[in-house]
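Q: Take a look at the letters that make up each chain.
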Amino acid sequence: MTTAVEVRELRKTFGSTEVLHDVTFSVRQGEIFGILGPNGAGKTTTIECIVGAQRPTSGTVEVLTRTPHVDRGAIRQLVGYQLQSSVLPNALRVREVLEVFARLYPAPRDVARLMDETGLTPLARARVGTLSGGQRQRLSIALALVGSPRIVVLDELTTGLDPQARLAMWELVERVSGGGITVLLVSHALDEVERLCDRLTVVLEGRTIFTGTPHELHELAPTAPDGGRRSLQDAYLELIERRSDAAGTRRN
Amino acid sequence: MRELAALVRMDRIQLMRNPTALVMILVVPFGLLLLQAYLIPGTRTPVDADGRTAIDHFAAIALLVAAMSVALTNYPASIAGYRETGMLRRLDATPAGAGRVLLSQWVVSVVCLVLAMGALCALAVWVIGVPAPENPGALVLVAALGAMSLMSLGSLIAAVAANVPIAYGSGALLFMAGLLFAGVWTPGPLMPQALRDVGSVIPPGAMTQGVFSAWFEGELPLMTVVVLIVWAIVPAAFAARLFRWR
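Going down the list, the protein sequences come from chains C and Y. For the first sequence, the numbering used here assigns the number 1 to the initial residue and increments by one for each residue that follows. For the second sequence, the numbering used here assigns the number 1 to the initial residue and increments by one for each residue that follows.
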């Protein structure tokens, strides 16, 4: 399978603070790939290097064989980006926002069809400022898709949504992936990752500490001390705890 | 071009649906001029040797107020608002590009300025009874250059202000200083010479003096034109270098 995103030994510093020390993973075309890690682990900085918004201090990032910070023009067309907080112009109506963003791209999706696919048609005339959290996220995804990208980055897509809205969002991501688009999913929610991701990477304190399938992550610690079966979340937390302890010991 | 048109559409809709911005652009300069004309006593009395009245001077100042409302408050606050909410970051992820984002705001602001200044001139001449401009071409030129120099100054705020309150605060500070040098409190010959000299080399003062000369004396002072051109270029160049997406 062809590689969509290749990140090798990525390092990023801001002034004297080193945020990323060594992040390495690759994403195959067409898969849903999860990026996990605690707050401040460096997930968003990694994503910003992938979309070209940040220049790596060292290491390499390639997106569909292009270097993002060098070839930003092409990357902006190839990668749709849904930001962590849904940043949208509140005074505009849903259809207006989509029409405006569509015109920023050379080969945009048909707005009416995109609204149908993302369940936004009934909200076409609603002001963005009046939308619920779930509706805003739908619009945010639609905006990430409007430029006909080959890769879409979804950053903490379902944070703060109720269970029903989360389920609807997951189904939407599955439909997007079904259309052949590579999905990078930044998430804290292990149930979401388990349901959606083909593979994932775990980043801790700016380093990759695991890359594999959700099943392989689970296999790292499949059973509890009492012999019971652990959830993926337990396995993830144990991995984080173990590696945090190891990192602390190294630092000491 | 279609990208710029799309951004202009977004900025125009946002402005039209923002009552505060519209009040700043239309009500403040219009209100100030009407207040001076009809409520403040003595504004129709000649204040200089040529027989110009205080309201004649205020007509020139009202154009400056309109320009400053847009250039020093609305425009920087819009960009700072985009920065504060992360909208600039969102646009940075599209092929829109920084240049088009700023150019779009300039286009919307210039259209606002043309409409506001045109309407103010009409109000002054046809309603209040200020004499018609002696040299309309010079008036348009000097008003346009003045507006550009103020937009350039506003770009400095827009480039770095982290949020809307900072942008509004900085803009309001320059706005008040601008009113002082334009002669709101000491119109025409009542302004101390030192203040007039400083005012002649900074945008608010230079614009007001230039507008007054073109409107009532039919002259286009070369020095004023040079000063305004320099101010239209230098701060904008710095703003482009200092511009922050976040």
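The hints are simulated quantities; they were obtained by calculation from the structure and are not laboratory data. Fair warning: this is a prediction, and the values are worked out from it, not measured in the lab. Here a beta-carbon is modelled for each residue, glycine too, at the ideal position from N, C-alpha and C. One should not assume that every hint holds.
Unchecked claim - Selected chain Y positions facing chain C (in silico; Cβ < 10 angstroms):
#, residue
1, ARG9
2, GLN14
3, GLY97
4, ARG196
5, GLU217
6, ALA240
7, ARG241
8, PHE243
9, ARG246
Q: The structure should be examined with respect to each hint, and the outcome stated for every one.
A: Each hint, compared with the structure:
For ARG9 of chain Y, the interface hint holds, since its Cβ comes within 10 angstroms of a Cβ in chain C; the closest pair sits about 6 angstroms apart. With its C-beta approaching chain C no nearer than about 5 angstroms, GLN14 of chain Y sits inside the 10 angstroms limit, and its interface hint holds. For GLY97 of chain Y, the shortest C-beta to C-beta distance to chain C is roughly 8 angstroms, which falls under 10 angstroms, so the interface hint holds. For the restraint placing ARG196 of chain Y at the interface with chain C, the shortest Cβ-Cβ distance is roughly 42 angstroms, beyond the 10 angstroms limit, so the hint is violated.
The beta carbon of GLU217 of chain Y is not positioned within 10 angstroms of any beta carbon in chain C (closest approach about 44 angstroms), and the interface hint is therefore violated. About 18 angstroms separates the beta-carbon of ALA240 of chain Y from the nearest beta-carbon of chain C, more than 10 angstroms, and the hint is not met. The interface hint given for ARG241 of chain Y is violated, since its Cβ lies 18 angstroms from the closest Cβ of chain C, which is over the 10 angstroms cut-off. Checking PHE243 of chain Y against chain C by beta carbon gives a least distance of about 15 angstroms; that is not within 10 angstroms, so the hint is violated.
Interface restraint check: ARG246 of chain Y against chain C, minimum CB-CB distance 9 angstroms, threshold 10 angstroms, status holds.
Going down the numbered hints, you'll see the structure goes against 4, 5, 6, 7, 8, while the others check out.
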